[in-house]
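Protein chains in written order, with numbering that gives the first Met the number 0: chain R, 0 to 165; chain A, 0 to 416.
Any given hint might turn out to be false.
What the hints assert, rightly or not - Quick look at which bits of chain R chain A covers, simulated, 3 or more residues with Cβ under 8 angstroms:
# : region
1 : 115 to 129
2 : 134 to 147
Unchecked claim - Derived pair list, reagent style DSSO-like, types lysine-lysine, alpha-carbon separation capped at 27 angstroms:
#  : chain 1 : residue 1 : chain 2 : residue 2
3  : R       : K135      : R       : K113
4  : A       : K149      : A       : K182
5  : R       : K106      : A       : K86
6  : R       : K134      : R       : K51
7  : A       : K383      : R       : K10
8  : A       : K182      : A       : K383
9  : R       : K135      : R       : K10
10 : R       : K10       : R       : K51
11 : A       : K72       : A       : K383
12 : R       : K113      : A       : K86
13 : A       : K46       : R       : K75
14 : A       : K86       : R       : K75
15 : A       : K288      : A       : K383
16 : R       : K75       : R       : K51
17 : R       : K75       : A       : K383
18 : R       : K10       : R       : K75
19 : A       : K72       : A       : K86
20 : A       : K182      : R       : K75
21 : R       : K10       : R       : K113
22 : R       : K10       : R       : K106
23 : A       : K90       : A       : K107
24 : A       : K288      : A       : K236
25 : R       : K51       : R       : K113
26 : R       : K106      : A       : K153
Don't read these hints as lab results, they were simulated from the structure.
Ideal Cβ positions, reconstructed from N, Cα and C, are used throughout, including at glycine.
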Amino acid sequence: MLANIEGRAWKFGDNIDTDVICAGRYINSLPEEMAQHVLESLRPEFASSVEKGDVILAGVWFGSGSSRETAPTAIKALGIGAVVAESFARNFYRNAIGVGLAAITCKGASEAFKEGDRLCVSFADMTITDVTNGKKLPFEAFPEEMLQVIHAGGIENLLRQSHTRA
Amino acid sequence: MGKTIAEKILSRASGTENARPDDYVVAEIDLAMIHDAWGHVGPILMKAGVERVWDTERIVTVFDHFNPPPTVKDAEAYKIGREAVEKYGIKYNYGQNAGVCHQVFVEKGHIRPGMLIVGTDSHTMTYGALGAAGASLGFSEMAYVAANGKLWFKVPKTMKFTLNGRLAPRVTAKDVILYLAGKYSVNVAQYMSVEYYGEIIRSMSLAGRMTLANMTAEIGAKFAFVDVDETVYEYLKGRTDAPYEPVYADEDAVYENEYTEDLTALVPQVAMPFAVDNVAPASTLGDVKINQCVLGSCTNGRLEDLRAAADILRGKKVSPKVNFLVIPASTEVYRAAMHEGLIDVFLEAGAVVCHACCGPCNGGHLGLLAEGEVCLSSSSRNFKNRMGAPGSEVYLASPATVAASGVTGRITDPRDF
Numbered sequence: 000m001l002a003n004i005e006g007r008a009w010k011f012g013d014n015i016d017t018d019v020i021c022a023g024r025y026i027n028s029l030p031e032e033m034a035q036h037v038l039e040s041l042r043p044e045f046a047s048s049v050e051k052g053d054v055i056l057a058g059v060w061f062g063s064g065s066s067r068e069t070a071p072t073a074i075k076a077l078g079i080g081a082v083v084a085e086s087f088a089r090n091f092y093r094n095a096i097g098v099g100l101a102a103i104t105c106k107g108a109s110e111a112f113k114e115g116d117r118l119c120v121s122f123a124d125m126t127i128t129d130v131t132n133g134k135k136l137p138f139e140a141f142p143e144e145m146l147q148v149i150h151a152g153g154i155e156n157l158l159r160q161s162h163t164r165a
Numbered sequence: 000m001g002k003t004i005a006e007k008i009l010s011r012a013s014g015t016e017n018a019r020p021d022d023y024v025v026a027e028i029d030l031a032m033i034h035d036a037w038g039h040v041g042p043i044l045m046k047a048g049v050e051r052v053w054d055t056e057r058i059v060t061v062f063d064h065f066n067p068p069p070t071v072k073d074a075e076a077y078k079i080g081r082e083a084v085e086k087y088g089i090k091y092n093y094g095q096n097a098g099v100c101h102q103v104f105v106e107k108g109h110i111r112p113g114m115l116i117v118g119t120d121s122h123t124m125t126y127g128a129l130g131a132a133g134a135s136l137g138f139s140e141m142a143y144v145a146a147n148g149k150l151w152f153k154v155p156k157t158m159k160f161t162l163n164g165r166l167a168p169r170v171t172a173k174d175v176i177l178y179l180a181g182k183y184s185v186n187v188a189q190y191m192s193v194e195y196y197g198e199i200i201r202s203m204s205l206a207g208r209m210t211l212a213n214m215t216a217e218i219g220a221k222f223a224f225v226d227v228d229e230t231v232y233e234y235l236k237g238r239t240d241a242p243y244e245p246v247y248a249d250e251d252a253v254y255e256n257e258y259t260e261d262l263t264a265l266v267p268q269v270a271m272p273f274a275v276d277n278v279a280p281a282s283t284l285g286d287v288k289i290n291q292c293v294l295g296s297c298t299n300g301r302l303e304d305l306r307a308a309a310d311i312l313r314g315k316k317v318s319p320k321v322n323f324l325v326i327p328a329s330t331e332v333y334r335a336a337m338h339e340g341l342i343d344v345f346l347e348a349g350a351v352v353c354h355a356c357c358g359p360c361n362g363g364h365l366g367l368l369a370e371g372e373v374c375l376s377s378s379s380r381n382f383k384n385r386m387g388a389p390g391s392e393v394y395l396a397s398p399a400t401v402a403a404s405g406v407t408g409r410i411t412d413p414r415d416f
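Given only the sequences and the hints, what does the whole structure look like? Please build it.
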């Protein structure tokens, strides 16, 4: 999660909920199958057009609704490199970081960056650059508690570590 | 400076004196609720080499969302889940015949004021009806809790609703929360704890408080708390011997926002597709024809809800254009309804009565929708794609509104009956 991410921006609006991200009926499906249905009711062509490293760009409260972890898991399985949003719903945010999907809070992103632009996310200097129009924005630091999850490589690893220590 | 309920509970659970909004604390968990999610949580625990859970008596379990499994892959998930529950020796396992998690654990006395509870379901804050802090978690974080009994939490800001007046006949807790969502929007409580007070609360049954706390999830909240009083103490008598200490906010607690409403003139409300804050009075939606009604869910599947619907359906018939599904939230509710003759009222009216489970609420089974179909449901969410085809629509309303509409085949104000 700490290497640079570069890809095409796919822009969505506000309050994108976990039912449009990954419906409840896929909760027991394999990640590869879930991935094919991500956001299909909003943009049917999305899942089949995404290339590895692409970025979902969204407004406020991305991931609202259910606490299902399959929402970020499906996005990650699709090959999306990062979700950049004005803000995230709490469950989605924690779940995304927990499964190793970069959930990046960046105020002003949905204004500055456009659909189809190439975005470059740098964790080294905590910025996002729109390679297409030249704009650059800083993104919010991850809270320390989330950093421990990121540095462990996801919460499953953190769990393994917490257990071997005991 | 005084503390709000969330600040007090997180301070106590983390052993810090002064947990303040935006602080992160590591808190000991009083109770962890895991439902069908065992099919995912179990494998995560096993892959991580976890041999024992932190406390076999502080994890409660029931299989509710996909019970009995509608597809082979769901059946396999259940099989894996059951094996995990057995491997980890979970004492309070209510299996596949008890009903919906939030209803079952309240009935069985596991939920008490002041507790810090986590659950693999976004409506875990339902427990706020009994003054408990209920936070939802994903599979991986729950696995962490199951192994370690603690987790980090960001202390939320708190907002307050004071609800005064008296609800008119056939106007219910569901109409209250729909009205609040419609007026203040689904984002008003994002990441916050919400506390409810006022005359309306004092005269509200526990069932109604559960509806209110349950749907506080839809305005973005992290926790919901309904002021704890006699109603809660009475309910808990005979359901638990365990000691408990209700938590009350300090006089000088600091709230991010405070809103006061007089709800005397409140009329039945409906949330229209595809957002819970897209709300209008039921009386304005008479041109919406419906194909399916759902009376049930953790939001509104209690005895009080079934009684309200039966009150309207008694002696009447469901419209031939409507498939009317009755799904009690628990087997206890189902049996009580049966003893009161309500099940017979439903069947006589032409409704379909199902076992206690989550049903079609999240699109799992028992009533998915085709393109263009419309469902009026007593559940909590009407997102696009949730209950079936992307072009299907869900409207949300109270049990009384759902019942009245089931008879006419169009959205109908229950006060017309």
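For a C-alpha distance cap of 27 angstroms, please report whether K182 (chain A) and K75 (chain R) respect it. It is violated: about 36 angstroms lies between the C-alpha atoms, which goes past 27 angstroms.
Keeping to a limit of 27 angstroms between CA atoms, is the pair of K72 (chain A) and K383 (chain A) held or broken? Holds, because 24 angstroms separates the two Cα atoms, which is no more than 27 angstroms.
CA of K288 (chain A) to CA of K236 (chain A), is that 27 angstroms or under? 44 angstroms, violated
What's the verdict on K149 (chain A) and K182 (chain A), does the C-alpha distance respect the 27 angstroms limit or exceed it? 37 angstroms, violated
Straight-line Cα separation of K10 (chain R) and K75 (chain R) no greater than 27 angstroms? OK: K10 (chain R) and K75 (chain R) at ~17 angstroms, within 27 angstroms.
Does K72 (chain A) pair with K86 (chain A) here, judged by a C-alpha cut-off of 27 angstroms? Satisfied, since the Cα-Cα distance of roughly 21 angstroms is no more than 27 angstroms.
Is it true that the CA of K383 (chain A) sits at most 27 angstroms from the CA of K10 (chain R)? Holds: K383 (chain A) and K10 (chain R) sit about 18 angstroms apart, inside 27 angstroms.
Given the hint that K46 (chain A) pairs with K75 (chain R), does the C-alpha gap stay at or below 27 angstroms? 20 angstroms, holds
Taken at face value, is the distance from the CA of K10 (chain R) to the CA of K135 (chain R) at most 27 angstroms? The hint holds at about 17 angstroms.
For the pair supplied as a hint, K113 (chain R) and K86 (chain A), confirm whether the alpha-carbon distance does not exceed 27 angstroms. Violated: K113 (chain R) and K86 (chain A) sit about 51 angstroms apart, past 27 angstroms.
Is the hinted pair K134 (chain R) and K51 (chain R) satisfied, with a Cα-Cα distance of at most 27 angstroms? 22 angstroms, holds
Within 27 angstroms, alpha carbon to alpha carbon, are K51 (chain R) and K113 (chain R)? Holds. K51 (chain R) to K113 (chain R) sits at ~19 angstroms (cutoff 27 angstroms).
Of the numbered hints listed earlier, those contradicted by the structure are 1, 4, 5, 12, 14, 20, 24.
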